[in-house]
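Visitor: Take a look at the letters that make up each chain.
There are 2 protein chains.
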Amino acid sequence: MYKKHNIEDILEKGEEIFRKKGFNKTGVEEIIQSCGIPKGSFYNFFKSKEEFGVKTLDHYTEKQYKTVKELLSDSDISPTERLMNFYLGMIEFNENENFSYGCLLGNMAQEMAGLSERISAEVDRDLRRITSVIASCINEGQNKNEMRNDFTAEELAQYLQNGFYGALLRAKAEKNKESFQLFMRTSFEFIKK
Amino acid sequence: MYKKHNIEDILEKGEEIFRKKGFNKTGVEEIIQSCGIPKGSFYNFFKSKEEFGVKTLDHYTEKQYKTVKELLSDSDISPTERLMNFYLGMIEFNENENFSYGCLLGNMAQEMAGLSERISAEVDRDLRRITSVIASCINEGQNKNEMRNDFTAEELAQYLQNGFYGALLRAKAEKNKESFQLFMRTSFEFIKK
Numbered sequence: 023m024y025k026k027h028n029i030e031d032i033l034e035k036g037e038e039i040f041r042k043k044g045f046n047k048t049g050v051e052e053i054i055q056s057c058g059i060p061k062g063s064f065y066n067f068f069k070s071k072e073e074f075g076v077k078t079l080d081h082y083t084e085k086q087y088k089t090v091k092e093l094l095s096d097s098d099i100s101p102t103e104r105l106m107n108f109y110l111g112m113i114e115f116n117e118n119e120n121f122s123y124g125c126l127l128g129n130m131a132q133e134m135a136g137l138s139e140r141i142s143a144e145v146d147r148d149l150r151r152i153t154s155v156i157a158s159c160i161n162e163g164q165n166k167n168e169m170r171n172d173f174t175a176e177e178l179a180q181y182l183q184n185g186f187y188g189a190l191l192r193a194k195a196e197k198n199k200e201s202f203q204l205f206m207r208t209s210f211e212f213i214k215k
Numbered sequence: 023m024y025k026k027h028n029i030e031d032i033l034e035k036g037e038e039i040f041r042k043k044g045f046n047k048t049g050v051e052e053i054i055q056s057c058g059i060p061k062g063s064f065y066n067f068f069k070s071k072e073e074f075g076v077k078t079l080d081h082y083t084e085k086q087y088k089t090v091k092e093l094l095s096d097s098d099i100s101p102t103e104r105l106m107n108f109y110l111g112m113i114e115f116n117e118n119e120n121f122s123y124g125c126l127l128g129n130m131a132q133e134m135a136g137l138s139e140r141i142s143a144e145v146d147r148d149l150r151r152i153t154s155v156i157a158s159c160i161n162e163g164q165n166k167n168e169m170r171n172d173f174t175a176e177e178l179a180q181y182l183q184n185g186f187y188g189a190l191l192r193a194k195a196e197k198n199k200e201s202f203q204l205f206m207r208t209s210f211e212f213i214k215k
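Protein chains in written order, with the working numbering: chain A, 23 to 215; chain B, 23 to 215.
Rather than coming from a laboratory, the hints here were simulated on the basis of the structure. Warning: the hint list may mix true and false statements.
Which copy? The list can't say, so a pair holds if one copy fits it or any two copies do.
Claimed, not checked - Simulated pairs of lysine-lysine, DSS-like, Cα-Cα distance not exceeding 25 Å:
{"#": "1", "residue 1": "K77", "residue 2": "K197"}
{"#": "2", "residue 1": "K71", "residue 2": "K197"}
{"#": "3", "residue 1": "K35", "residue 2": "K85"}
{"#": "4", "residue 1": "K77", "residue 2": "K47"}
As the structure is a computational prediction, the values presented were derived from the model and not from experiment.
Isolated chain A, as found in the complex (with noise of 0.2 Å):
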């Protein structure tokens, strides 16, 4: 028991960390430190810092998974209606935090794609669990009629994620919401049967 809580507190600092910071301006000393366990332990838990890095993901990415389902699940409101709660309370929560930090999967696979090949195919793996939860909803919608059929329901989830992702990146450097305005707009536009 108070191993594994070690574990999950030492992923949690790492999350806020990377996401903070970026993956490279990270010590594995600064993780260490503010979670205040000697450095054997970090090296008893994970063999290296990309090992960790990875874990971390995985943890981030099982957090999110659980969330976005919920979410996504929720028969008491159209499938449309689902999605566009899920990606304003993703708008909301980077405009509290000023739009400065992001998500950590796309953090990753952009500073790490020609770094790390286990970091990405991590990332990669963890956008698609994400994808296919989106998939499902988007699914339903094309059963219910709400939305296009001509393009799969993985096709156009991919499709929202990767506005989503750009809108952000856009964001991150202009520190506000329009782009995210926009990309509500015409991704929902798009989609809607």
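With chain A's structure known, arrange chain B on it following the hints.
Guide: Same frame as chain A, now just chain B:
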């Protein structure tokens, strides 16, 4: 002349290394060594690594701007074809690098949003410059009745750019061009009249 030549060499090297490794992972020492110039010269040209980052972005954008402007002003083909050629060219460029490095503007927006206001502001200015050329081409497409006009040319340009940057991020994790192909199919379907 000698001085000017040197500055451009350093900016080119900065662009190359920052694109491959990111801003934070690259030390000034590495730039200096690969250019074969003394440290004093670097700090004669640039007050800090941050200033060097800003100048590198400006230099990179200046080149991109000229290329994009030329490509998108070719009146021998339709505005839609010009835009398609532009994006297909960028996709091919990224494919040739195995989707590992991406665009300096996107990378810097992602990596530096929470770390440097000066760099963020420069990225914002640079992204706007490129988007404005795309908007001019879309404006022509709207006037020729090729493209929808229930959104402004600036909005559609931003929409295309967001979709492209989102697809690029996905391609970096996935290491193939599927997300780009989806971008082309969906986005050009959306902007057409």
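Visitor: Work down the list of hints and note, for each, if the structure agrees.
Guide: These are the hints, each one checked on the structure:
With identical chains, the CA atoms of K77 and K197 are at most 25 Å apart between copies only, with a shortest distance of 21 Å across copies and 30 Å within one. Taking the shortest alpha-carbon separations for K71 and K197, only the inter-copy value of 23 Å comes in at or below 25 Å, while the best intra-copy value is 31 Å. Taking the shortest alpha-carbon separations for K35 and K85, only the intra-copy value of 14 Å comes in at or below 25 Å, while the best inter-copy value is 40 Å. Taking the shortest alpha-carbon separations for K77 and K47, both the intra-copy value of 18 Å and the inter-copy value of 21 Å come in at or below 25 Å.
When each numbered hint is compared with the structure, no violation occurs for any of them.
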